[in-house]
Structure formats: structure tokens, C-alpha cells
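Given the structure of chain A, go ahead and fit chain B onto it with the hints provided.
If you read the sequences in order, they're chains A and B.
Going by UniProt numbering, the letters in the first sequence line up with residues 1 to 374, in that order.
Going by UniProt numbering, the letters in the second sequence line up with residues 1 to 425, in that order.
Just so you know, not all the hints are guaranteed correct.
[To be verified] Computed cross-link-like contacts, DSSO-like style, restricted to lysine-lysine with a CA-CA straight-line distance of at most 30 Å: (1) K320/B / K310/B; (2) K148/B / K317/A; (3) K351/A / K78/B; (4) K78/B / K332/A; (5) K148/B / K332/A; (6) K366/A / K78/B; (7) K252/B / K310/B; (8) K320/B / K252/B; (9) K366/A / K65/A; (10) K78/B / K317/A; (11) K220/A / K332/A; (12) K340/A / K78/B; (13) K351/A / K157/B; (14) K317/A / K88/B; (15) K243/A / K170/A; (16) K351/A / K148/B.
[To be verified] Not everything, but these chain A residues come out facing chain B in the computed CB check (under 8 Å): (17) A322; (18) E362; (19) S365; (20) K366; (21) Q373.
[As the list claims (entries may be wrong)] Derived DEER-like restraints, expressed as beta-carbon distance ranges: (22) A209/A / D92/B: 44 to 52 Å; (23) Q373/A / T386/B: 27 to 35 Å; (24) A132/A / F217/B: 31 to 39 Å.
It is worth saying that the hints were derived from the structure and are not from the lab.
The C-beta atom is built at its ideal place from N, Cα and C for all residues, glycine as well.
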Amino acid sequence: MRYTPLFVSLVAISAVAACGGGKSDSAAGGSGPITVKATDTACEVAKSQLDAGTHVFAVANSGSKVTEFYVYAAGDRVMGEVENITPGLSRELRVELPAGTYQTACKPGMVGTGIRNTLTVAGSAPALSEDAALAQATESYTRYITSQSEALVQKTTEFAAAVKAGDIEKAKSLYPVARTYYERIEPVAEIFGDLDPKIDGREDDATAALPFTGFHKLEKDLWVTKDVSKDGAIADQLVTDVKEVVTKAKDEKLSPLQLANGAKELLDEVATSKITGEEDRYSHTDLWDFAANVDGSQAAVAALRPALEQRDPALVKQIDTAFANVDTELAKYRDGDGWKLQNQLTQAELKGLSDVINAVAEPISKIAGVIAQK
Amino acid sequence: MAENTVSRRRAIGLAGAGVAGVVGASAVAGAFFADKPEKTVSSDAISDAVPFQGAVQAGIVTPAQDRLHFVAFDVLTKDRAQLVQLLKDWTDAANRMTAGKDAGSIGATQGILEAPPDDTGEAIGLPASGLTLTIGFGPTLFRDATGKDRFGLAARKPAALADLPHFPGDLIDPAISGGDICVQACANDPQVAVHAIRNLARIGMGVVSVRWSQLGFGRTSSTSTSQATPRNLFGFKDGTANLKAEETDLLKQNLWVQPGDGPDWMTGGAYVVTRKIRMMIETWDRTSLGEQEDIIGRTKGEGAALGQAKEFDEIDLVSKNGEGDPVIPVDAHVRLAHPDTNKGAHLLRRGYNFVDGSDGLGRLNAGLFFIAYQRDPRTHFVPIQTNLARLDAMNEYVRHVSSGLFACPPGVTGPDDFWGRALFA
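In isolation and in its complexed conformation, chain A is listed as follows (with noise of 0.2 Å):
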């Protein structure tokens, strides 16, 4: 919240939307989608070698934790994801894999970087264009954002139910995992008007014609006011919000530069209300919603990738190391599958995580330079 949406004065390029395709070579047929094991602490890929085409991974969580899994191509772009895989179930992922070297990863617990594999996929790259590898971008995002939507419907209409049914302690379990998957798609949320106030708006920006609602209305209740039984109208709403937000982000294409300008600003986001424990000022689950707005933004910056390699390498080496020390300090903050509350951090713990995302924001604001200039 609080930011403008930038996104809705740019000139989205429709050239984008015309791209992708690719090859159809099915090489899922005739021996059946690939199959993943995934436990608490394994991750068995049935396959680590492909041949170039589309392929269906069944993913069969055998473990207590709720985990996810992904097909990332270099610097963790996203190449297929399915996400909130419960104990006990079993999801398929279809994804076009161009030849290549990727990483295949399991999360359990849905955090951190997750047990890998590497998935090597043979057959010709065809070198791309430079506005080749732009375009794609936008369809990478397109998958981030396809797959964090589902989740992010499933989970805030699990914890809708629980503020429903008045079960105070699971629902106040359930809400920073629901708004994980929210925050990390945000600057997309941002797009549509009134949605975003609607769901994640905070007390002090309600207005008359904008009242209280959403996330932080159910979590003043839930943490401070103890008192849920008149909210089961704003957990509807926020349901209803969410499902829309998700119908129009799926037709919503950004451009690279939007990518750009989106992978900075959820950094401004931590930089100004998650650091300062401003976000989640009842609850102090900042440090989910942080952990959430990097995760988005190293995706943007990961659609980004191709084409920021063959502009600015050095530029892409510079993001990656400064990533790595974020995960480096966050990890510090990890407590069981969580985060620590915001509270329990020192002020100098505080500024140690405010110095590792300037240190990667600075870096990520000279991307839309790199994208615009041919």
C-alpha cells in the first residue's frame, strides 16, 4: 500500500503480448508426466535430463509441511511453479522448457530456497533477439503471477473461514501466510483502483468512502480487539476482493518496464513500512510481508534476466550478490517456518536488514535505465 500505482501512467508494449509459442514438442507423451517426491527434507525428481518441449511434473507431497515447487532457469527465473501443495495432495505443473540447464526446487514449508535439483534439458537454444528476450519477460511474470494467484485465493479464503467461524488462533495463523502470496504480487494488485485499498489498506488511510476493510481491519480484530464476531461481512468482501484482483491480473501484461519500476518499488515498500513495522502494526508479522516483497522482486527482476544479461551483465551481478546477502540477513530473523515478530528485533538488527535493501534497491532502480535505452 501507499505507493501510487506507477504502473497505470506507463504505456504498457503490446508488442509482448504477441510473443512466446515456442515449440510444442509434447515429449510428455507416451511416458507420462515426470514424477516429484517431495518430503520434509527431499525433494526426488524422477527425471534430471529432458529433451526441449513441454512437460507435466506430478508433484506428490508425502511430507507434514505444506510445500511448493518450482523449474527455475538461471538467476531463478521462473520457469513453472506450483504452489500450496498440502501434505498429502498431489498437483500437476505443465511447463515449456527450451534447452537449457535449470533448477528444479521443492519448499517446504514454503520458505527459503528449497531443496534442488538440476534439470538439464537438451536439444538446439536458438540465440534470442534482443526484443526476444524482452518479451519474454513479461511472459515469465505472467507464470509468477498465474501461480502465486491460485494460492493466494486458496489461502485467504481458508483464513476468511477461520475469522468466520470465530477460530481466533488459526486464523491468526493463516494471515501472514495469506498475505505472503499477496505481497509478493503486489505491484500488480496496485493496477486496479480501489482493490488494493480495499484489501490491504491501513486505519489511518480509511476515508469516508473507503472505510476500514480488508487484511488489517480482520487483523485489528483478531490481535487487538479479540473480537472477530461481527467481521464475517468484511471476510466475505475481502475474498470477493481477492478473487478479482486475480481474475484481472491474470489478463494484465506488464510491460518490462513496469517490471522494472514493480521490482523497485516492493523494495521501497520493505524500506519504508515493513522495516518499520508500520504494515502489520497489531500483529508485528512485517518480516512475513518483507520476506514476501524480496520473493516478488527477485521474480520481476528474474523475468527480467535474459535481457538484462546480454545489456548490463555486470549489473545483474551486482543484484545477485546484493539478493544473496538479503537472504543472508533475513535468514538471521527465520523462527520454526516463520519470521520473528518485528518487535523482537534491535534497532540495530533493524538497520542491519534497512542496509542490505538499500544495498540491492540501488542496484534495481538502474534497471529500467538498462531496459529503455536500446
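Leaving out everything else, chain B in the frame of chain A:
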């Protein structure tokens, strides 16, 4: 993109500005070896540029400008090359900003719309305003708090850069003390000083992090005989007996690091001590005039040492009054701080008043941001402050809340030179 070489300066001089007779910094270039000052370049505009380059850093004996923004950085990077690159980038920006130009070669408004500008823009249209930028390296750059030599500099640490001791009565807050690198920005326009520090911090983002910074107004010392003695927030003239740019012999003895004093990279430099000294303004203000004068050891109006008629009359530490007590009390500030009481040690002070609003108890959060340059803190600031901290009658009205110590190398000379080149050579 073509370099934007246009000075942002549009106004020539500041109408109504009252400070005249500013002496150019080149007056002292090379003075740390010379027996006499070189030519004195006079200029009457407080808006003019002070040369950034020279044998000694500007901002030390440069006639004290009216405004201060002092910043201390912690170095974040572990990569020596990255730190050296930042020092080069900073030197470029300092060369530009002290000349009244934008911090970057593109400029605040000339770049492409998609990229953040390489200057922040708030100084557009403002003249150079006598801006000086002076860098110093703190003890923790050589060995951090855990004893680690992060940049392979430990062997180059001067002995004179020894941590200051705890002085009696110190209430030092570590969060606003110390630092790996300091930059002192002085200018005759506060916006120009703030602009300079803001841009250096922006350029350093990710490599360094601002540890603390302090704004000051109203210089509290004159560093040239051409300047009138200003007053501090106690209402007294401050710095009458200060070291001055024209006192070449004394500068050599007391200010500039001489060959053989320590590592060569500091020859021609000086050590700076900063102390944020909170003044108990309200209790001071209800102290009688006579007591105030006894505490300082000078008259409030003229600024003469007690027993004398004029400000610059020689101080008399010996004479006694009719009752057999010294005319200048034994616990008077001027007596305790005087070179005669401190084995001839002189400090070059260029402190500033500060008011950080109020403190929530209805009191001004105000005082003196003390800055003193010297050849060796172990023979200068430390013994003087030890004396003051124990005996000074003024202690009832002051609290030292922050402390800093930095080694300021000699000046930057030539296009390939940069801040700290000799240290990192």
C-alpha cells in the same frame, strides 16, 4: 550522454549576506611545510567556490563557513576494491559539487526519464556557497569492533588514531558515535551542505551506510584572523584563542601531521575529534551574569579574559584579586583549556551550534557540535579534555553525548588522485 558541465550557479552573491572577507583555501596550500603562508587570496562573496584540491584538505583552516552537515558512515562491503571505487566516485562528486555543479556528470534533470537522476536537484540554482568536503577515516576502518582487519589496513593504522578514553562524566551514545568514515560538509548555505551529504550517501548506498549525521548552524569558531569571533549558545564568544590559518608556525606544531609522525599517508593531514555537547540551556539561562563569566573566564559582552579590557588582550592566568583568589578562577573554562595549562597544546576548533528541536521535557535539545583538528589527539585533545572533564565549572551545564575520531589525510591533487589513495596504495 554529453557531460553537463554547466555550473548550477545562477545567482552571483547573496543579497544581504553579512559575512565578508572570506579567504580562499589556497592560502594554506602547502602551509604544513612552509614557514609563511603563501599568498592570501581574498574574495568577498560567500557564494564563491573554495578549491577542493590542494596539498591539504579544504574545510580545516578554510575560514569557517556558517553551516555544517557532518556524517559518519559504516562500511558495509567486505570488498576492498568496491570501497576504493566508492572513494573514487565520491572524489569525482566532491570535485563537482564543491565547484557548484551537480553531483553526477549527467545532472539532476538531463537524464533519461526512466532512470533516477544522478543528482538530487535541491541545489539547482544555488551557488557553490563555499562548500568544502573533508574526509576522515575512523579507527574501525582499520580494525573493526571485533578486531577484524577487513581491508588489510591494520598495519597502516596510525598510533595517533588510538581510541579516545572514557572521560569523567561522559554520557556517550554509541549509536551517534564513531564510524568507519566521516565527511564534514561546510557551506554558507545549509541546503548546499545537506545536498552534498545526501548525494554522497546516495552514491555510497549498499557500500556504506550512514551511521549518524549532525546538522549545525552558526559557526562557533573563527579559523582566520579575517573573521569576527562568533558566539555559542551560552551567549559567549567562542574561539578567540583558536588556532588561525595565518599562524603558520603554530599550525605546523599543532595541526598538520609532519613527516615522521606516523605512516606517510597521513603526512599533511590532521586528526579530527568530534563531540556532541548538549548544553543545559535552561539552567544556564537562570545563572547570574557574574557566575556565567566566572565559569567561562571571559566577559560576556566584549569577550575579554577576566581582568582584561579587550577580546584579544593577553590572558593573565597568574594575577590575583583583592581577596587573594586568581582573577581567572581555577575552574574557569578558559584557564583549563588554555595552551599554557596544557603543555602548549593548541586545537584548531571549528565547531557549530546545533538545535535538534526540543526534548519532550520542554527543553531545547541544543548545544555545541565540537569539532577540533590536531596533529595528535594523544598530546592535544585527550589531555585537554581530561583536564576539563575533571575540573571545568562548565560541566554542570554540559553533557558529552557523542564522540568521534577520524584521521583526515592530506588533500587531493590532480585528476587521478582520490580520497584515501595513499592509504589504499
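Hints and how they fare:
1. Under the criterion of a C-alpha separation no larger than 30 Å, the hint pairing K320/B with K310/B is consistent with the structure, at around 19 Å.
2. Proximity of K148/B to K317/A is assessed by CA-CA distance (about 27 Å); at most 30 Å being required, the pair is judged to hold.
3. The suggested pairing of K351/A with K78/B holds, with an alpha-carbon distance near 17 Å, which does not exceed 30 Å.
4. Only pairs whose Cα atoms come within 30 Å are accepted, and K78/B paired with K332/A is accepted, the gap being roughly 19 Å.
5. Of the pairs offered as hints, the one joining K148/B and K332/A holds, with about 21 Å between alpha carbons and a cut-off of 30 Å not exceeded.
6. Between the alpha carbons of K366/A and K78/B the distance comes to roughly 22 Å, so the proposed pair stays at or under 30 Å and holds.
7. Restraint check: the Cα-Cα separation between K252/B and K310/B comes to about 28 Å, which is no more than 30 Å; the hinted pair holds.
8. Restraint check for K320/B and K252/B: the C-alpha separation of about 34 Å exceeds 30 Å, so the hint is violated.
9. For the suggested pair K366/A and K65/A, the alpha carbons sit about 38 Å apart, so the restraint of at most 30 Å is broken.
10. As the CA atoms of K78/B and K317/A are separated by approximately 16 Å, the hinted pair is consistent with the 30 Å bound.
11. For the suggested pair K220/A and K332/A, the alpha carbons sit about 27 Å apart, so the restraint of at most 30 Å is met.
12. Restraint check: the Cα-Cα separation between K340/A and K78/B comes to about 27 Å, which is no more than 30 Å; the hinted pair holds.
13. Taking the CA atoms of K351/A and K157/B, the gap is about 28 Å. The hint holds against a cut of 30 Å.
14. Between the alpha carbons of K317/A and K88/B the distance comes to roughly 21 Å, so the proposed pair stays at or under 30 Å and holds.
15. With a CA separation close to 22 Å, the supplied pair K243/A and K170/A stays within the 30 Å bound.
16. Straight-line distance between C-alpha atoms of K351/A and K148/B comes to about 21 Å, which keeps the hinted pair within the 30 Å bound.
17. Look at A322/A: its Cβ gets to within about 7 Å of chain B, closer than 8 Å, so that hint holds up.
18. For E362/A, the interface hint holds, since its Cβ comes within 8 Å of a Cβ in chain B; the closest pair sits about 4 Å apart.
19. The beta carbon of S365/A comes within 5 Å of a beta carbon in chain B, closer than 8 Å, and the hint placing it at the interface holds.
20. A hinted interface residue such as K366/A counts as satisfied when its beta carbon comes closer than 8 Å to some beta carbon of chain B; here the least separation is about 7 Å, so the hint holds.
21. A least Cβ separation of about 7 Å between Q373/A and chain B falls short of the 8 Å threshold, and the interface hint therefore holds.
22. One distance hint, 44 to 52 Å for the beta-carbon pair A209/A and D92/B, holds here, with the actual separation near 51 Å.
23. Between Q373/A and T386/B the beta carbons are some 60 Å apart, a value that contradicts the proposed interval 27 to 35 Å.
24. A hinted range of 31 to 39 Å is violated for the C-beta pair A132/A and F217/B, which are about 58 Å apart.
Figure legend: structure checked against the earlier numbered hints; hints not met, in rising order: 8, 9, 23, 24.
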